[in-house]
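Q: Residue-level listing of the chains:
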Amino acid sequence: MRRKNIKKTFIIAAIIGLLAFLYFTNIFDFAKEKIYQAINPAASGLYSLGANIRNGFESRTDQKELSHKVKELENDRNALLVENARLKELEEENKELRSYLEFLDEKKYSYKMAHVIAIGVEASSEREEKSIVIDKGRSEGLYPGLGVVDSRGVLVGKLEKVEEKASRVVLTTNGSCKLAATIQNMERTIGIVSGEMGLTMSMELIPQDEEVEAGDLIVTSGLEDDIPRGLLIGEVSRVNSNNNEIWKSVVIEPLADFSDLIIVSVIIP
Amino acid sequence: MWFKILINSITIAALSLVQISFISSLPFPANKLNLVLAALIFSLSLSGKIKNIWFYVLAGLIFDMFFVPPVKIFILAWPLTFLFCRLLLRNVFTNRSLFSFLAICLFTDIFYIFFIKTSFYIYGFFSSGSRLFILSLDFWNDMLFRITVDFLLVLVLFYIFNFISKRLKPVFILRY
Numbered sequence: 000m001r002r003k004n005i006k007k008t009f010i011i012a013a014i015i016g017l018l019a020f021l022y023f024t025n026i027f028d029f030a031k032e033k034i035y036q037a038i039n040p041a042a043s044g045l046y047s048l049g050a051n052i053r054n055g056f057e058s059r060t061d062q063k064e065l066s067h068k069v070k071e072l073e074n075d076r077n078a079l080l081v082e083n084a085r086l087k088e089l090e091e092e093n094k095e096l097r098s099y100l101e102f103l104d105e106k107k108y109s110y111k112m113a114h115v116i117a118i119g120v121e122a123s124s125e126r127e128e129k130s131i132v133i134d135k136g137r138s139e140g141l142y143p144g145l146g147v148v149d150s151r152g153v154l155v156g157k158l159e160k161v162e163e164k165a166s167r168v169v170l171t172t173n174g175s176c177k178l179a180a181t182i183q184n185m186e187r188t189i190g191i192v193s194g195e196m197g198l199t200m201s202m203e204l205i206p207q208d209e210e211v212e213a214g215d216l217i218v219t220s221g222l223e224d225d226i227p228r229g230l231l232i233g234e235v236s237r238v239n240s241n242n243n244e245i246w247k248s249v250v251i252e253p254l255a256d257f258s259d260l261i262i263v264s265v266i267i268p
Numbered sequence: 000m001w002f003k004i005l006i007n008s009i010t011i012a013a014l015s016l017v018q019i020s021f022i023s024s025l026p027f028p029a030n031k032l033n034l035v036l037a038a039l040i041f042s043l044s045l046s047g048k049i050k051n052i053w054f055y056v057l058a059g060l061i062f063d064m065f066f067v068p069p070v071k072i073f074i075l076a077w078p079l080t081f082l083f084c085r086l087l088l089r090n091v092f093t094n095r096s097l098f099s100f101l102a103i104c105l106f107t108d109i110f111y112i113f114f115i116k117t118s119f120y121i122y123g124f125f126s127s128g129s130r131l132f133i134l135s136l137d138f139w140n141d142m143l144f145r146i147t148v149d150f151l152l153v154l155v156l157f158y159i160f161n162f163i164s165k166r167l168k169p170v171f172i173l174r175y
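As they're listed, the protein sequences go chains A and B. For the first sequence, numbering that gives the first Met the number 0 gives the first residue as 0, with consecutive numbering after it. For the second sequence, numbering that gives the first Met the number 0 gives the first residue as 0, with consecutive numbering after it.
Check each hint, because a few of them may be wrong.
With the C-beta cut set under 8 Å, the calculated list includes, among others, these residues of chain A facing chain B [as the list claims (entries may be wrong)]: (1) 7; (2) 56; (3) 132.
None of these hints come from the bench; they were simulated from the model. All C-beta atoms in this analysis are idealised placements derived from N, C-alpha and C, irrespective of residue type, glycine included.
Using the sequences and the hints, build the whole thing.
A: Written out as C-alpha cells, the structure is:
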C-alpha cells in the first residue's frame, strides 16, 4: 500500500515536472493569449474595486485640514498660472527660433494606455510591493525599459518584465528602479535616480559646487534610449551635504500618486 | 465527474484572480490575506484526495501569468505547498480540530512564503545580487501580519464549516 502511494506520488511529481518544463519553454504560449483575453477585463475590474475601497479607507475627512489644504492648493495654482503664462511665451519663442534655424522636429512619441490589474508580487513585504502589473504586453509592442506615466504625465516607473499580454512595472521608489535624470537647477545636474526603501528616491554623487535646493524638480535626462527627456519624476525634499566630502546627495519626493493608479500610459519612443 | 472538475477549476481560477487583483489592491492588512491557501487547507482537510493537486497547478499557472514574477515559480510553489500540507495532515495533525487547522495554517504559510522568497532570492543573487531576506526586519514583520490574518480567516471559515457540517470539532477532540 505504502509502495503504491510512493509510486503514485512519484508519477504525479514527474508529470508536474514535465508540465513545468513545457511551461518554462513557452510551448503553452498559444493558450496563454486566450486566457489573458478572457481574464484581463475581470482582473482590471476587481483591481479597480479594491483600489476604490483602499482610497475610501485612506481618505481623510477632517474639515479643518481640508480647508487648509484647499487654501494651499489655491496659492500654488495662482503661482503656477503665472509660471504657465511665462512658459507659453518661451515655447512660442522656441518654436520660432527652431524654424529659423531649420531644426528637425522634436521627437514624437506615442502612448499605450493600460489598466493596472495587480500590485506587488505575492509574498512581498510592504516595502517591496513597489511594482504594479498592467494588462498590456509584448503583443502591443511593449518591451522592458519603457517608461510608464500616470494620468498627469508624471513618471511612475518603468517596465521590468513583459509577457504576452501583461507586464510588470517597477515603480520609481523601488530599489531596483534606476533612472537617468536631470535636476532643474542652474547647472542642470545629471545623475542616476534610485528608489529608496519603497518610499522615496535619491540621487548620489552630485559635486559639492553644484547648487541644489529643496523644491528643485527632477526630470528624465533623455540619456536612456527608451525614456524620452523631460518627464517629471519628483522634487528635491532634502539636500545631504557635508563640506568635508567631495559629493553630496539629495532625497527626492515622488510626485506621482501611487495609491491612485488605475490607468497608466506606457510611452513608446 | 467532468462537471465537478470544471466547477472546481473555475472556483480555483476565480479565487486566484480575486487573490491577485482584488486582495492585492486592498488596504493593509487586508492585502495580506491568502484565500488560495485557506482553500487549499480546507479542501485537503475535507477531501484529502491527491488528485486535487491539479487545481493548484492551475492556480500556480494563473499566479505566474498575472503576477508576472521575476521567475515563474508559482506553478511549482502551489503544488509543493499542497504536498507539504498533505504530509502534515497524514502524519502529524488531525483534520478535525481548530488547533490542528491553525497549526497547519501556520506551517503551510511559512513553507509557502519561504519557498517563494528563497526562489526570488536565488534568482536575484545570480542576476543582480540581492540582500538575504531573513536578515530584513521588514520580512519578519510582514510574515507575522500574513500569518495573523490567515489565522483569522481560517478561524472564521472553520466555524462556518462547523455550523454547516458536524465533521469538524470546534476546539478539542475528546478521548473517551
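Q: Run every hint past the structure and note whether it holds.
A: Results of checking the hints against the structure:
1. 7: Since chain B brings a Cβ to about 7 Å from residue 7 of chain A, closer than 8 Å, the hint holds.
2. 56: Holds - the Cβ of residue 56 of chain A comes within 8 Å of chain B, reaching about 5 Å at its closest.
3. 132: holds (5 Å)
No hint from the list above goes unmet by this structure.
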